[in-house]
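Chains as they are written, first to last, in our numbering: chain P, 1 to 308; chain A, 1001 to 1431.
Hints listed in this document are in silico derivations from the structure and should not be mistaken for laboratory results. Using N, Cα and C, we set each Cβ at its ideal position, and we do this for glycine too. A hint or two may mislead.
What the hints assert, rightly or not - On the chain P side, residues computed to face chain A include the following (Cβ under 7 Å):
hint, residue
1, Cys75
2, Lys140
3, Ala141
4, Ala157
5, Ala297
6, Arg307
Residue-level listing of the chains:
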Amino acid sequence: MNNLKQNITSIARKTAIALLVVSSVSGSALAAGDHLEGAPEAKHVDWSWAGVFGTFDRAQLQRGYQVYKEVCANCHAMDLVKFRNLSQSGGPEFSEAAVKVLAAEYEIEDGPDAEGEMFIRPREPKDSMPAPFANNNAAKASNGGALPPDLSLIAKARGHYSFKDLFMGRDGLTGGTNYIYNLLTGYVDEVPEYILENDHHVNEMGKEADPNFTEQHFELGDSNFNHFYEGYKIAMAAPLFEDSVEYTDGTAATLEQQAEDVASFLIWAAEPKMEIRKSIGIKVLLYLIILAGLMYAVKRRIWENVRH
Amino acid sequence: MSGHSTYVPKSDAGKWLEERLPIISLMHSAAVSMPNPRNLNYWWVFGGIAMFMLIVQIVTGIILAMHYTPHADMAFNSVEHIMRDVNWGWMLRYTHANGASMFFIAVYIHILRGMYYGSYKAPREVLWLLGMLIYLLMMATGFMGYVLPWGQMSFWGATVITNFFEVVPFIGDDIRTLLWGGFAVDNPTLNRFFSLHYLLPFVILGVVVLHIWALHVPGSNNPLGIEPKTKQDTMSFHPYFTMKDLYAIVLFAIVLFYFVFFNPNFMGHPDNYIPANSLVTPAHIVPEWYYLPFYAILRSIPDKLGGVVGMFGAILIMFVVPWLDTSKVRSAKFRPAYRIFFWIFVFNGILLGYFGQVSTTDDFLGIHGVTNLLVSRISTIYYFGFFIVILPVLGLIEKTKPLPNSISEAVLGVEGAAEEAALLAAAEAKA
Ligand code: HEM
């Protein structure tokens, strides 16, 4: 009797461990959101444009554009952004003349002309930013099979909104930019210790549950290790290093500086109307609050002699 | 409507119209002279707020539709064109997207108000049924609207939800093909959803008119759940309730516009900023928040057909609430036990909403060995148990508190009511 009971408890224990191991090993070996012990914390940058009154730093957006143009644009398109946007208010606010020059650095196919021929002309402010590859297949072929996503909306597409954003006066936009900042600064050459320890841990537990358990190891393969990418293996090699660009405004181009600049540029690209949205929002809310006060006074007056 | 109108046309044109189509006296009776219980509290403002939100959605929607392109290859970029190039387009789009959420918040509060104060009981059953119909139509409209921007969540949400229809016996496949207009969610799906998304809000508007008509026959319920007896128990709708409702609408607009201007993407899903791609499935497909409790019920039932039946049943069961509740007393104010079950029901609904978006296999709040799935099953049982067991049984066994004689007595006290009645009579005699 006692024996049976022991057997049952031991089987139950083993199944529980096996289930635990399967659930932690299955799928991609490591899931996003699992914060492994020893992994670095994601940084929260203090963005100038965050919060109810935050506005973009023009010089920063201009530097961010420079980073995009000189580095990221080699692989990533930004189809929704037109050159003319660069001179609009609430953005990098390059002069219109400067934008004409920036656009004219690239060419675009246009036509057909009066003879029915397609022709190549310099880009104009109305045109979008040039795509580095003719199509997705070409982009994948040059990037080891991985597709560099269009960056027009990436900062909003990677945003995670939390209830904290509601109460901190934070705009939901910081989630995506913090992620991009951490992604760009989160590369290391070697698979770090905490991943190896996690492997070890999983294997120990696996063997305890099942003697025939096959060992699992984190394989980097052709990918690059990034602390903050889901599953830690990213096809994009670290795009930024110290002095990847030489800033025209003389700012020292540290890795962190470039990452902050380009992340700010990307959130502007995703939400070009942010400044006007907030500035109108303040007026609208003030108006409504005053109106509500007046309405309340009138309502009280009307109900003055009525008990209810 | 039920003819409490005191409207007398003054101008000749007014008289001419009144004889041919008494539409002005009809509106007058609905929004001006209609007697309303004097003791309505602020939970009664959400009907007016919902009406306001419907109008906001229709106005912003019509303008959005002028710039939107319902084509699988262009829809996503046309929404971005609205956001970037159309004058005030970002404001329209954010108002429409957040407006949908705020509309649902208002309607959820409105429905729960009805459940707390027993507003669905005789003679207001038809009013309740029409309200439920509005809610059902809103669910369909919101779902189809969310598909229109044609992002990843639009596409995959549409795929998941249309696939539910597959389990309908015999004709499930055909229904699904009809919804899709083909063999998968694709351009024809987008086209028919756009057409219906434009149509349904106007159907809702029509049902709202019926809803208000059905309100005007018995008049509003009130926090005490007893019918007004004398003139003293009511106030005219205008100016008392028009002013109160307008004030509440402005307060509600402050919340709406906080989201529109300062946190416009909070209630959306980041993946919807990635264009729809039938080859890449998002890691987690989550419906919009207002469907989450029902989605949780679906996932908590281990059988596919059972899950779908449970999900739709959870909505449909609310239609028959007037016949499930056996209590003679309307208001929870006088039903101490019902009050407790009601608040558990509300809390349980929020909990189900939570379960609709977390992984079912994870531990519930990190409690080891207690999965979300397990707790969501208990929640589902409570959800249905509330309607099927608690409502009918409680009405029979609950010891309710004594009801006041009249609204004015409850508000003013017996002496105060008599005093006020004498004053009113004196004033009337003078006139
Ligand atoms: C019951 C009222 C309505 C509700 C609850 C509703 C809900 C929605 C929702 C949730 C979206 C997706 C928003 C987004 O994430 O971008 C949407 C989009 C849209 N709706 Fe409506 N809507 C309503 C009325 C209308 C009406 C009356 C029209 C047109 C006459 C309309 C036209 C549109 C258009 C063109 C879009 C696509 C643009 C966009 O995504 O912003 N809507 N609707």
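Hints, one by one, checked against the model:
1. Cys75: violated (18 Å)
2. Lys140: violated (12 Å)
3. Ala141: violated (17 Å)
4. Ala157: holds (4 Å)
5. Ala297: At about 10 Å, which exceeds the 7 Å cut-off, the nearest Cβ of chain A leaves the hint on Ala297 (chain P) violated.
6. Arg307: With Cβ-Cβ at 6 Å, under 7 Å, it holds.
Going through the hint list in order, the structure does not satisfy hints 1, 2, 3, 5.
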